[in-house]
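Next come the chains, spelled out residue by residue.
There are 2 protein chains.
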Amino acid sequence: MTFIDQLNAAWQKNNSLLCVGLDPDPAKFPAHLKGRDDKIFEFCAAIVDATADLVCSFKPQIAYFAARRAEDQLEALIAHIHEKHPGIPVILDAKRGDIGSTAEQYAVEAFERFKADAVTVNPYMGRDSVDPYLAYPDKGVILLCRTSNPGGSDLQFLDVGGEKLYERVARLASGEWNSSGQISLVVGATFPAEIARVREIVGDVPLLVPGIGAQGGDIEATVRAGRTANGTGLMINSSRAILYAGKDERFAAAARQVALETRDAINLYR
Amino acid sequence: MTFIDQLNAAWQKNNSLLCVGLDPDPAKFPAHLKGRDDKIFEFCAAIVDATADLVCSFKPQIAYFAARRAEDQLEALIAHIHEKHPGIPVILDAKRGDIGSTAEQYAVEAFERFKADAVTVNPYMGRDSVDPYLAYPDKGVILLCRTSNPGGSDLQFLDVGGEKLYERVARLASGEWNSSGQISLVVGATFPAEIARVREIVGDVPLLVPGIGAQGGDIEATVRAGRTANGTGLMINSSRAILYAGKDERFAAAARQVALETRDAINLYR
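So the protein lines, in turn, are chains A and B.
Per the working numbering, the very first residue in the first sequence carries number 1; after that it's consecutive.
Per the working numbering, the very first residue in the second sequence carries number 1; after that it's consecutive.
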C-alpha cells in the first residue's frame, strides 16, 4: 500500500488528522527516565502505543536520535510501529536535500534502512534533488513549502515574480514535479492564510502542518484553511505538547489524553 | 583554533585549495574491498592518509555513511583525521536545515558527536535555522547558495526583485546573518559566472566549490572566478575522481596522484 493510501485509510479508520511528532529529548523525559539516552525507544514506544488509535501518522524527528547516537533506537521504533500498529504511516522528518547521487543515499537511509513510509525533503536544490525519493513508488515525499519558524519568511516570502517563493514551491511540487502523485507539502500552522493559499494552489495534495501547540498555531484556523472538501487532507503535527504532557510514570496516559483532546479539537472544525 | 583559522593555515601550509570529498560507496571500492560496508573506514582512512598533505580540508558526506548504518565508522574517520592530521579541518556535508530547537540537535550531532569543524546547512528555513550552529564559536557553517546540480536553477535562479535568489542568500549569509564571521558558502563549479558574482557580493568569505571532476566543472574558470586577492578563499571539492582513481590495492597511491595533479592544476590559476 502506498503512503498516500495508508494515510487515507488512517484518516478514516482513526477519524483523525493528528500526527504525533516523536522528538525525544531525554532532558524532558518523566522523572524515572530523565536524562537516559538509552531509554529513547522505551519512551517513544510508550507514547506510540498510547496514541496509535488516535492518529493518522507518526513523525519521528531524526535529529533527536542522531544527536544521541540512537539510530538503532529509531530503527527499532519504526519497526515497532509497523509491527504493532500496521496501517499507521511513519514520516521520517529529516529534511534532506542534496544532488541526485547523494539523494539516492538519503533515500536508502530513509526507506531501506529506517523503513519510513515518507520522508521530509528540502526543495532548495530543485527537482533532481527530489526525484531519487520518488523512485520508490510506494513511498511519500513531503517537501518543505512554508515553514512555521520565524525565519521561514526570510526566503520563502520573497516575491519571485507575482508570487511568493513558497507559492512557487507549492505550484512546482504539486504540478510538474509530482507526476507520480507521491508528493505532499509542509506548511506551518503559524500562517493560516498561507495554508489557505497553498490549499488553493495544490488541490487535494496532503499538507503536513507543524506548529500547533508549542509553536502557537491555532487549530480552528489551521483546519478551516487547510481541509479538503471531504474534511481530510491534513496531517496536523503536535510533538512537545503531547510527549511531555506527563511528568511521572503515567506519562503515556497523559499523552493519550492530550492527543485525544487535540484530535477532537481538530475534528470540531473539519 | 576556529574553522576559519584552520582553513587559512591549511591553505598556506599545504599550498592547496583542494578539498577531498569522502563519499564512500562500497560498490565502487577497489576489488579487495568491493561491496564491504564494514570497510568504509579503512577505505576512507587510506585516502585521507595518502592525501592529507595536499588538501585544505576533508569533506565526508554523511549520506553515504547513514545509508549503510556506518555512523560509527564516520566517527572513527573524523577522529582519525584529527589525530593523524591535526590542522586539516573536517567539513561534515550534511546540508541540514530545520527550526531552531531541532537545529540545536543537528548541531550536537555535527559538532559534539562527530566532532566536525564545520557543517553544510540549507538556508531555505531562514536565519533562525542557522543560528544554533553559530552558537559554537569555533565552528564553521557553510550555507548552500548556488548548487552544482541541474535542478539548482529551479529556485536559486528565480528573480527575487532585481537579484537572483542565490544572490540574496549570498548577501544575507555574508552580511546580516554573519555577524560572527563563521559563515562560508557553497557555490557549484558548474557556474563560474555565478561564482564570480558571489565573490563580488561576499568579499573574502570562503567558498566551498563542488562540481569539478565528475560533475564537469572547469578548474581554470572556477579558480579565476572565485579566488580572493591573496589567491585563496576557495575549498574546491573533488570526490569521485580522487576516491575511485585506482581499482586495486594501490588505490590510495592512485588517489594521491590525482589529488596532486588536481591541486597543482588549481595552483596554476591562483
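For the record, the hints were derived by calculation from the structure and aren't laboratory data.
Glycine is no exception: its CB is placed at the ideal position from the N, C-alpha and C atoms.
Fair warning: there could be bad hints in the mix.
[To be verified] Each pair of labels, with its calculated beta carbon distance range:
| # | chain 1 | residue 1 | chain 2 | residue 2 | range |
| --- | --- | --- | --- | --- | --- |
| 1 | B | Glu112 | A | Ser180 | 49 to 55 Å |
| 2 | A | Ala229 | B | His82 | 35 to 41 Å |
| 3 | A | Gly162 | B | Glu42 | 37 to 43 Å |
| 4 | B | Lys13 | A | Asp5 | 54 to 60 Å |
| 5 | A | Glu200 | B | Gly35 | 39 to 45 Å |
| 6 | A | Asp53 | B | Pro150 | 15 to 21 Å |
| 7 | B | Asp204 | A | Gln12 | 54 to 60 Å |
| 8 | A | Asp72 | B | Glu42 | 37 to 43 Å |
| 9 | B | Glu200 | A | Asp53 | 55 to 61 Å |
| 10 | B | Gly181 | A | Lys115 | 51 to 57 Å |
| 11 | B | Ala27 | A | Glu42 | 34 to 40 Å |
| 12 | A | Gly87 | B | Glu220 | 40 to 46 Å |
| 13 | B | Ala253 | A | Ser180 | 41 to 47 Å |
To see whether the hints hold, each was checked on the structure:
1. B/Glu112 with A/Ser180: 49 to 55 Å: 39 Å, violated
2. A/Ala229 with B/His82: 35 to 41 Å: Between alanine 229 of chain A and histidine 82 of chain B, where Cβ atoms are some 57 Å apart, the hint is violated.
3. A/Gly162 with B/Glu42: 37 to 43 Å: 55 Å, violated
4. B/Lys13 with A/Asp5: 54 to 60 Å: At 58 Å between Cβs, range holds.
5. A/Glu200 with B/Gly35: 39 to 45 Å: 50 Å, violated
6. A/Asp53 with B/Pro150: 15 to 21 Å: Hint violated: Cβ distance 45 Å, outside 15 to 21 Å.
7. B/Asp204 with A/Gln12: 54 to 60 Å: At roughly 58 Å between Cβ atoms, glutamine 12 of chain A and aspartate 204 of chain B fall inside 54 to 60 Å, so the hint holds.
8. A/Asp72 with B/Glu42: 37 to 43 Å: Roughly 22 Å apart at Cβ, these two residues miss the hinted range, so it is violated.
9. B/Glu200 with A/Asp53: 55 to 61 Å: Since glutamate 200 of chain B and aspartate 53 of chain A have Cβ atoms about 58 Å apart, the given range 55 to 61 Å holds.
10. B/Gly181 with A/Lys115: 51 to 57 Å: Check failed, 42 Å falls outside 51 to 57 Å.
11. B/Ala27 with A/Glu42: 34 to 40 Å: With Cβ atoms ~37 Å apart, the hint holds.
12. A/Gly87 with B/Glu220: 40 to 46 Å: 57 Å, violated
13. B/Ala253 with A/Ser180: 41 to 47 Å: Holds: the Cβ-Cβ distance is about 45 Å, inside 41 to 47 Å.
Comparing the model with each earlier hint shows violations of hints 1, 2, 3, 5, 6, 8, 10, 12; every other hint is respected.
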